[in-house]
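There are 2 protein chains.
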Amino acid sequence: MTVNQIVAILALMRRTKQEESLTLQFKLIIMIDNDPLKRTELSALGEFGLIDHLTQGIAPVNSTTLKGVGDDAAVLDHGDMVTLVSKDLLIEGVHFDLTYTPLRHLGYKAAVVNISDIVAMNGKAEQLLVGISVSNRFSVEALDELYAGIRLACEKYKVDLVGGDTTTSVSGLFISVTVIGRAKKEDVIYRSTAREHDLICVSGDLGGAYMGLLLLEREKKVYQANPQMQPDLEGNDYVLERQLKPEARADVLIKLREAGVKPTALIDISDGLASEILHIAKDSGLGCRIYENKLPIDVVTAEVAAEFTIDPTTAAMNGGEDYELLFTVNVNDFKKISAIQGIHIIGHMLEKAEGEYLISNGGSLYPIDAQGFNHMKA
Amino acid sequence: MTVNQIVAILALMRRTKQEESLTLQFKLIIMIDNDPLKRTELSALGEFGLIDHLTQGIAPVNSTTLKGVGDDAAVLDHGDMVTLVSKDLLIEGVHFDLTYTPLRHLGYKAAVVNISDIVAMNGKAEQLLVGISVSNRFSVEALDELYAGIRLACEKYKVDLVGGDTTTSVSGLFISVTVIGRAKKEDVIYRSTAREHDLICVSGDLGGAYMGLLLLEREKKVYQANPQMQPDLEGNDYVLERQLKPEARADVLIKLREAGVKPTALIDISDGLASEILHIAKDSGLGCRIYENKLPIDVVTAEVAAEFTIDPTTAAMNGGEDYELLFTVNVNDFKKISAIQGIHIIGHMLEKAEGEYLISNGGSLYPIDAQGFNHMKA
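Line by line, the protein sequences give chains A and B.
Take 1 as the starting number for the first sequence in our numbering and just add one per residue.
Take 379 as the starting number for the second sequence in our numbering and just add one per residue.
Source of the hints: derived by calculation from the structure; they are not laboratory data.
Quick reminder that beta carbons are idealized off the backbone N, C-alpha and C, glycines included.
Treat the hints with caution; some may be incorrect.
Label-pair distances were calculated between CB atoms; the ranges are [stated by the list, open to error]: (1) K640/B <-> R257/A: 35 to 45 Å; (2) D615/B <-> A44/A: 35 to 45 Å; (3) E186/A <-> T571/B: 32 to 42 Å.
Below, a list of computed lysine-lysine pairs in the BS3-like style, where the Cα atoms sit at most 30 Å apart [claimed, not checked]: (4) K562/B <-> K185/A; (5) K185/A <-> K633/B; (6) K599/B <-> K38/A; (7) K221/A <-> K599/B; (8) K633/B <-> K713/B; (9) K185/A <-> K445/B; (10) K184/A <-> K633/B; (11) K156/A <-> K255/A; (12) K220/A <-> K502/B; (13) K158/A <-> K445/B; (14) K599/B <-> K158/A; (15) K38/A <-> K534/B; (16) K185/A <-> K563/B; (17) K563/B <-> K124/A; (18) K502/B <-> K714/B; (19) K158/A <-> K562/B; (20) K502/B <-> K185/A; (21) K536/B <-> K158/A; (22) K536/B <-> K184/A; (23) K124/A <-> K416/B; (24) K416/B <-> K156/A; (25) K336/A <-> K156/A.
Listed below are several chain A residues computed to face chain B (Cβ distance under 8 Å; list not exhaustive) [unchecked claim]: (26) T40; (27) H53; (28) V61; (29) G93; (30) G164; (31) S364.
Pulled out of the complex, with its shape left as it was, chain A reads as follows (with noise of 0.2 Å):
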């Protein structure tokens, strides 16, 4: 079926002006074969600007909605306390590969993810809706194997499964998660709030999902050359942990209230560094500066790096899906983020006219971009 074909029935309604565009009208019906609309392909606006475009002029009717798009999830004004929702979609063959993707992890990472998303708004994440399209090809002990993943990601997050739905598919899986949080109304971190001279911190470590993803491609390329071949991950846990089975990093969020410290903007990093710092930067009507010697990457994470020739520097700031935290804190708070063990301090915001930069060890000035994993693009 052709696009082509899908307008070609768009010709069969008539629409009225005046009762808006949804009345049918059956009179006259027009079979036409050919595209009377523009063409724009969605690689031309990328995803985050294909969600701008999709979204724009959106303005809430209901006094409920404190924030729709543009967060990591939608802020809902529920009294004292706000309603936290986020949604994701994992396709197969585009967020993952099932020839080295276990069910059940690949259940737990579609947990996590959105569970990150709570954290990373200053939330708690309470109940959780799935919603599963698969084709005939699997089984209901692969549908376990998926549930068990999810479970065990709710059951670890105290996190409640109210919703499921599960359909047959033409083929692929297809797995939609929302996932509903709460907060304190004042508690609630946006990604619009740094300030400038605040500095930018991030927990845990950068780049090793990305190694990972790298590692579990290559032995499949070596699995399907050679089936006998025994897959080489010796000594790579780490990185092949990071990607399979990644967490949300609510301790982090303990660990700073503890400390008595309230990040002035925060996000979590899904698509890399480079990709969550301009969406703080931007948002937050800022520059920003990022040091190449202060990020955290893990040995493993270098190692592997090294084997790939890839610069680890590149998978911190691209890598993406390491589901860490990226906040920023008054400079103030210098001391109490210091003190607290696996939160790094990584560069600093300016005023928006000084741009976003990296520096380089050898203090040579990069500007960020924000490629990130852009599905659309790929």
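The hints should help you fit chain B onto chain A, whose structure is shown.
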């Protein structure tokens, strides 16, 4: 890729019993290419059976979780008000056919069927999140059409679009919609709270959406055989609109409130009257009688049914997608209900031992069977 291969990779992961099942150990890697698990086909369980199977034994841990899987929407305790969450998937080739579904109508319907789930809890839909996965055969303009329909539904039902996620797929169009609604805690109506002797009521008329579907399927075949043929849809606008542009019956809730009637149980008719009344009966621990001669069937529905030599009662009972409301009321509300235009009393609830039966025009009893739109068995 086969499930065998997928399961093969599962063997990559050795799990330690003590630490729960996601600890990765890549020390021993064995690639096997046959399925060590018992294989149960999805069709063996059916759609409802599968959801039951996958969600069995789930016990909520958060005090905010009032109702999880098993009604039109999840119910979250957020103070005086509850938050209602509904989530649905719409899959190309399963739930819709783009050869005769204009994208604008598809977007409208995707939003409406979820809004209808909130209405079916006696709530008001307030926010909507949409996830769309499309292949590159779609243009930006095609997505604009889809979004135009979603926005139109949002406008009509005063719902805010607060989240959008658009990603590529390898093939096909997948739409996942989440709708968030609210209701006063005491206003929520479940499907499980009908009482013996209650009257069974339905809004609008039934079977039309299914007749519209059959018409469109027929014209598709005609068109495929001879693209020069003009589709013969003359005079059938009503059933086509029922299929292509369903509405959520929020207006019925208002009428009921104005009449001072609060239903004892409430559900929307997405899978056909038979399937839905069985939900109410079984979840309420009751039996029921539906009278064939009371079923509201539009004259166009009856005419098209005759054209297809289909019993209009079958269309009403098992057709699905009418999105009318099915509800039960106390017998004492008989007069009030009778006075509301567009509401039909079609039967009554009995004790469980009486079973669930349709009483035909001839007076015979036929057991009600939930064939519905069982996509899993299709």
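Against the structure, the hints come out as follows:
| no. | hint | verdict |
| --- | --- | --- |
| 1 | K640/B <-> R257/A: 35 to 45 Å | holds, 44 Å |
| 2 | D615/B <-> A44/A: 35 to 45 Å | holds, 38 Å |
| 3 | E186/A <-> T571/B: 32 to 42 Å | holds, 38 Å |
| 4 | K562/B <-> K185/A | holds, 21 Å |
| 5 | K185/A <-> K633/B | violated, 35 Å |
| 6 | K599/B <-> K38/A | holds, 28 Å |
| 7 | K221/A <-> K599/B | violated, 43 Å |
| 8 | K633/B <-> K713/B | holds, 14 Å |
| 9 | K185/A <-> K445/B | holds, 24 Å |
| 10 | K184/A <-> K633/B | violated, 36 Å |
| 11 | K156/A <-> K255/A | holds, 18 Å |
| 12 | K220/A <-> K502/B | violated, 49 Å |
| 13 | K158/A <-> K445/B | holds, 16 Å |
| 14 | K599/B <-> K158/A | violated, 51 Å |
| 15 | K38/A <-> K534/B | holds, 28 Å |
| 16 | K185/A <-> K563/B | holds, 21 Å |
| 17 | K563/B <-> K124/A | holds, 22 Å |
| 18 | K502/B <-> K714/B | holds, 23 Å |
| 19 | K158/A <-> K562/B | holds, 26 Å |
| 20 | K502/B <-> K185/A | holds, 22 Å |
| 21 | K536/B <-> K158/A | violated, 33 Å |
| 22 | K536/B <-> K184/A | holds, 26 Å |
| 23 | K124/A <-> K416/B | violated, 38 Å |
| 24 | K416/B <-> K156/A | holds, 28 Å |
| 25 | K336/A <-> K156/A | holds, 28 Å |
| 26 | T40 | holds, 4 Å |
| 27 | H53 | holds, 7 Å |
| 28 | V61 | holds, 5 Å |
| 29 | G93 | holds, 4 Å |
| 30 | G164 | holds, 5 Å |
| 31 | S364 | violated, 35 Å |
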